[in-house]
Structures are given as structure tokens and as C-alpha cells.
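There are 2 protein chains.
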Amino acid sequence: MPKTAAVLVIGNEILTGKIQDLNVAFIARELFALGVSLRRVIVCPDEVELIARDLNALRAAHDFVFTTGGVGPTHDDVTIAAVALAFGRRVVRDETMAAMLRAHYAERVSDDHLRMADVPEDATLLSTPDFPWPTVNLENVFVFPGVPELVRMKFPLLHDRLRDGAGFTTRAVFTLHDEADIATLLETVVAAHPTVAVGSYPQWKNPRCRTKLTFDAKDVAELDAAVAQFVAGIAPEKLVNGE
Amino acid sequence: MPKTAAVLVIGNEILTGKIQDLNVAFIARELFALGVSLRRVIVCPDEVELIARDLNALRAAHDFVFTTGGVGPTHDDVTIAAVALAFGRRVVRDETMAAMLRAHYAERVSDDHLRMADVPEDATLLSTPDFPWPTVNLENVFVFPGVPELVRMKFPLLHDRLRDGAGFTTRAVFTLHDEADIATLLETVVAAHPTVAVGSYPQWKNPRCRTKLTFDAKDVAELDAAVAQFVAGIAPEKLVNGE
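Protein sequence lines, in the order shown, are assigned to chains A and B.
Counting from 1, position 165 in the first sequence corresponds to residue 165 in this note's numbering; the numbering is continuous, with no gaps.
Counting from 1, position 217 in the second sequence corresponds to residue 217 in this note's numbering; the numbering is continuous, with no gaps.
If we strip away everything but chain A, and leave its shape as in the complex, we get (with noise of 0.2 Å):
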């Protein structure tokens, strides 16, 4: 079995349909790539009793869990005290982090922009010289802003320790016909195939097909049997190049 992911969307912004959320479908590809099987994800209030009760009954299920959103100086970032919670942990401030933020803000600095440099005690904090300020981690728990353009420069760092064997393979094929038409062929392969999981999607409007599949797994000679096996059970005219 692979390794297990999951991910905690803190964020009234996204339950309140502010913000569209980018960073979940960013670091499921990431985690298809680095064969990893991202198997939950949660968006929960900003309210640190509610993320705490989450973040532990993730860590105990997962192999990695992941949270973005919540980090921040103001009063609706609780990320880390929820955290710290979580874990049974102070939060203390990092004297490396409160540097960078004073030679940062210069004369400038308050209290309230070094709340940026506290953590929970003995947190590891991972950082490079490219990326300086750190991605805050404790045990399989990786602490991430909600801002996507961070998530992405900061995700890529942990590929080393998060990657599992081989990476998932994705392939897609594109048919005419409805899927009702071919959910006993699809039965087949699946039974025929368990390694590879196959999805069945409907294509809405899509003048150029009716129903798209992906054929996903690990093992590439696996999964193009299970593509082939398919193929073959489809009229060659059914069969489109749906995108």
C-alpha cells in the first residue's frame, strides 16, 4: 500500500465561498507525482479546538497531514496555537524567525509582527538558503500559509521526504459512448485489474465526447493492461480524443 496524505483547509474564507480554494487539487498532483495517496481532506473554521480535534485524528490516520491557512499575525490566525494544542505544546518564540522579522521590519517591528516567529516548542523548522523562513513541521505534520503562490514555492522542498517509490501514473481515454454503456465492461477491467484504480466521468456539455476514464497506478505495464483491456472492449469508432 502506499503512503497516506491528508490535508486541513483552515479557512472561514473558504467556507464562507470568499476564496477558491487552489491549494488542495495543487498538492494532490504533487502527491499523485510523488506517489503518495492523498485520502482526506477537511476545511474547518478558524477556531483552534475544532483544529486540533482534527489535526489529531488525521496524524494518528495518515502518513503525512498537511494544513494550510491560519498563519499570520491577526486575530483569525490560529494555526499555530491550534497546533501546539494538538500536540500538547507551548508555544514559544523562535529566536531565528523573530531576527529575520526584526532585521526585516527594522524600526518598524512590534510585538504584533513578531507573533510571526512563534511555534510550538520544539517544532522542526525546514528551511534552505533559496527559502529561508521556515515550513513549520512536528512529526508527519507540515504547517503551510493559505496563500497559493507560497504553498507552491514551499511544497516542492519536502518532495525528498515525502516521496514514496514510485510516482502514480495517470492515463485517460475518451469515448462516445454513455457511461450506463460501458459500466459492465468497466466492472470487468476493475475486477481484472485491482492495482489500478479507473474512474468514470460524465462529460457535461462536452460536444467531442460523452464519458472520460482514468486509469491511474503505480505500475505503468499494469496500467496499460488495464487501459488495453478496455480498448479492447470498444468499438473503434466509439473511441475519441475527447480534449
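Source of the hints: derived by calculation from the structure; they are not laboratory data.
Be aware that one or more of the hints could be misleading.
[What the hints assert, rightly or not] Covered stretches of chain A, as calculated for chain B (at least 3 residues, CB under 8 Å):
#	region
1	178-188
2	222-234
[Stated by the list, open to error] When the alpha-carbon atoms are kept at most 27 Å apart in a straight line, the in silico DSS-like pairs for lysine-lysine are as follows:
#	chain 1	residue 1	chain 2	residue 2
3	B	K218	A	K205
4	A	K212	A	K238
5	B	K3	B	K218
6	B	K238	B	K3
7	B	K18	A	K3
8	A	K238	A	K205
9	B	K154	A	K212
10	B	K154	A	K238
11	A	K205	B	K205
12	B	K212	B	K154
13	A	K3	A	K205
14	B	K212	B	K18
15	B	K212	B	K238
16	A	K212	B	K18
17	B	K154	B	K205
18	B	K3	A	K18
19	B	K218	A	K18
20	A	K218	B	K18
21	B	K212	A	K18
22	A	K18	B	K205
23	B	K18	A	K205
24	A	K238	B	K212
25	B	K154	A	K18
Here a beta-carbon is modelled for each residue, glycine too, at the ideal position from N, C-alpha and C.
Following the hints, position chain B against chain A.
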């Protein structure tokens, strides 16, 4: 307290990053306008036992639960079976829906087509003359497809069932201040207006502003009082039109 809601997104395609979910943001905006508080979103795989477990936890804790995805005739469409399991009911074929499928597919109709007429026993089937294909409803649970266009068409049919008094109203204020510069002011505003939800969001790479503040409430007078208190605490030259 406003009524509460949760969304259960059923979708391997979301967890593998193949599809950007758009339904949560849409449902979130709809609920916000209806005065219902979306408190929780879970994305889970296409697995009957996991879906049933999540659904039972969500429906016990919220006034309304919406599922998206996993309805259809293929092996990965397991939502109906999962909802039936969660409620301890059998899956039965609805003859009205079966008749619609027979009329649509005519002599091509197969048992795989007719599977789309399977519903949990004693489910309520919500339809209108303009939209005869029903939305499956059991107690406080409403079952939606995954196709965003269909969710957008079907969700408004529920507005009258969901509305909880006044809708939420939101105001946005943009400032050239960094978040930390206004953190203390925000705490004062939040403490003075406990029914107003205040969010603070750094505007990464937005050349026109540094921080966006949002204020949400049902009571518009209270909302405007919170905005006025915040604005009065900011130097006028630091307020901008940020969008």
C-alpha cells in the same frame, strides 16, 4: 445561532488532483446568502464504508448536509449505496425514475442504465416540472451529482427549505498596511462586535493593496458599525480600493 451545514465531496478525482473542485465554493456562496453557516467540508474517496461513516458524523452535527459526486451507473458511483448504508436502508429501484430512463433510452435501455433509478428506500425525491430528474433527500441530507453545471441548476430548488432568516452580508476593506500593523486594532473591533466575523488576508503580489479585511454578519447595522470602527482606526491615506 444560524443553522449549520456541511458538504461531503465524494471524489477520487479531487483527491488525485485531476479535477479542481468548484462545487464547494458555489454551495458556500449560496449558503452564505441564505443565512446558513457552512461549518465543515470533507473530501473522501469513492468507498462505501468511509462515505457512510463521514455522512453519519456530519448529519448528526449539522442542520443540513450536501453530498456531491459519485452518482451514476458505473463501479465508482457508490454514493447511493453509501447513503443507504448510513441510514440503514435498502437500495430500491424508483419506478418513476426508471420510467424516465426507459423513455429516454428507448430500446437501448439496459439494466446499467436503470441503475440510475436506484435510491435508498423511502427517500424523498425532490423535483419540479422544469427539472423533473429528482434530487434525493433523506432527512437533512441532500444528494447532488459532481458535475458543477448540474449542481448550479439543482441547488436553487432548495432555497426555500434552507433559508434561515436574513442572509449574511459581507463588506471588504483594503489597506496598504501589513497585517501585523493592524492586528491590535482588529482585536479591538472583534471584541466590540462579537456577531461580526472579521477576516484578514495578506494580498500576495497585489500591487494595489497589502491586506484585505472582510466583515460578515446578518445584522447590517452591526456590520457597518464594525467596519466604521475599523476604518476610523486607519489613517485615510492607508485605505485603498484594492480590487
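How the hints compare with the structure:
no.: 1; hint: 178-188; in the structure: holds (count 9)
no.: 2; hint: 222-234; in the structure: violated (count 0)
no.: 3; hint: B:K218 - A:K205; in the structure: 38 Å, violated
no.: 4; hint: A:K212 - A:K238; in the structure: 12 Å, holds
no.: 5; hint: B:K3 - B:K218; in the structure: 12 Å, holds
no.: 6; hint: B:K238 - B:K3; in the structure: 37 Å, violated
no.: 7; hint: B:K18 - A:K3; in the structure: 19 Å, holds
no.: 8; hint: A:K238 - A:K205; in the structure: 17 Å, holds
no.: 9; hint: B:K154 - A:K212; in the structure: 23 Å, holds
no.: 10; hint: B:K154 - A:K238; in the structure: 30 Å, violated
no.: 11; hint: A:K205 - B:K205; in the structure: 36 Å, violated
no.: 12; hint: B:K212 - B:K154; in the structure: 33 Å, violated
no.: 13; hint: A:K3 - A:K205; in the structure: 37 Å, violated
no.: 14; hint: B:K212 - B:K18; in the structure: 31 Å, violated
no.: 15; hint: B:K212 - B:K238; in the structure: 12 Å, holds
no.: 16; hint: A:K212 - B:K18; in the structure: 12 Å, holds
no.: 17; hint: B:K154 - B:K205; in the structure: 37 Å, violated
no.: 18; hint: B:K3 - A:K18; in the structure: 19 Å, holds
no.: 19; hint: B:K218 - A:K18; in the structure: 16 Å, holds
no.: 20; hint: A:K218 - B:K18; in the structure: 16 Å, holds
no.: 21; hint: B:K212 - A:K18; in the structure: 12 Å, holds
no.: 22; hint: A:K18 - B:K205; in the structure: 18 Å, holds
no.: 23; hint: B:K18 - A:K205; in the structure: 18 Å, holds
no.: 24; hint: A:K238 - B:K212; in the structure: 51 Å, violated
no.: 25; hint: B:K154 - A:K18; in the structure: 21 Å, holds
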